[in-house]
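Take the sequences, apply the hints, and build the full model.
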Amino acid sequence: MAQTTAPAELADTQLADPVQEASARTLMETLRCVVCQGQSIADSDATMAGDMRALVRGRIRAGETPAQVRDWLIARYGDYITYDPPLSAATWPLWLAPLALLAVGAWIARASFRRRS
Amino acid sequence: MDVKRPLVWLPLAGFLLVAIVVAVALYAPADRTVRSAMIGQPLPAFNLRPIVSTKPGVASDAMKGHGPRLLNIFASWCVPCIAEAPQLMRLRQAGVRIDAVAIRDTGPAVAGFLRRNGDPYAAIGDDPSSAVQLSLGSSGVPETFLIDGQGIVRRQWVGDIRADQVDEVLAAVRDVQ
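Order-wise, the sequence lines are chains A and B. Sequential numbering from 1 applies to the first sequence in this note's numbering. Sequential numbering from 118 applies to the second sequence in this note's numbering.
Because the hints were derived from the structure by calculation, they are not lab data. Only a predicted model underlies this, so the values are computations on that prediction, with no experimental measurement involved. Ideal Cβ placement from N, Cα and C applies to all residues, glycine included. Every clue listed holds true.
Just a sample of chain A residues kept apart from chain B, beta carbon distances all over 12 Å, derived:
1. 14
2. 15
3. 16
4. 42
5. 64
6. 67
7. 68
8. 84
9. 99
10. 102
Here's a subset of chain B near chain A, in silico, CB distances under 8 Å, partners left out:
11. 151
12. 155
13. 221
14. 222
15. 223
16. 245
17. 246
18. 248
19. 252
Have a look at this one:
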C-alpha cells in the first residue's frame, strides 16, 4: 500500500532535441508545483512535480509551443499555476505600481532639485 | 518647509495603507486550497485502462449521454481516502454512480483497499503518472468531481467528503439531474 514513485517517462529525462529541451526547461521554471506551492516544478522533487515535468516535455515534444502548454495548464488551474501572471483585473496593480512609483519619484526629485537652485 | 501643507502627510498615509494591507493579509487565515478551473467546462478527453480485473476502466466519452455521476480521484496509499470511504458507500447506497481514477497505484493495492474499506465504484481507471488528474486541474487525493449527463464538470470537492457533507453532495447530484 504505497504510492508508485517510479518517475514518469520524461520527468527526469531530457528531450533528444536540445532546442525543445531548452524551451521546456524555461517553461518549467515558471510553473508552480501544485503540491509544494513555493517551488517551481523544475526545482521540486515531489512526485507530482515530476508528473508535471513529464507532461510539459511530452507536449513540447509533440510540437506544442511553451505558450500553448502554459495556456493549457492555466485553463485547468487558473493563473495560480504560473509564476509569470498575465495582465488581468486582479494583477494590473503588479504591473502598474512600479511605473506609478517611478513617476512619483521623478516628481519628488524634480521638486527637490528646483528648491535647491 | 511648512508642516501644515497636507502633502507632508502623504508618505505616512502611504506607509499606513501598505502596513494595513500587509497586516490584514498576515492575520487572515490562509486558504491553500487549489481549486480546479474546469468547473463549467466539458470533461477533457481521456481513456484509462482498468486497474483491477473485476471492473472496467474509465473513459470520458462513456460519461456523455448518461445520468450525472461522481468522479472520485483516489489512491490506496492515501489516508484521507480511507476516512472518505464510508461517505462514498452512503452515496452509492443512495443510488449515485461513482467512477474513480486511481493515482499512481497498483491492482493488488487497490483490490486490498476495496476489501478493507468497501467498494462504491462502478469503474476504476489507472492513472500511473497523474496525467488525467492534471488534465482535470486536480492537485491531490482525494478529490471528487460532479459530472453531469452532458459530460460537463459541474462541481469539485477538494479533500475527503466528510459525513456532514453527504447531503450536500446528494443535493448537488439531484440538482444536475
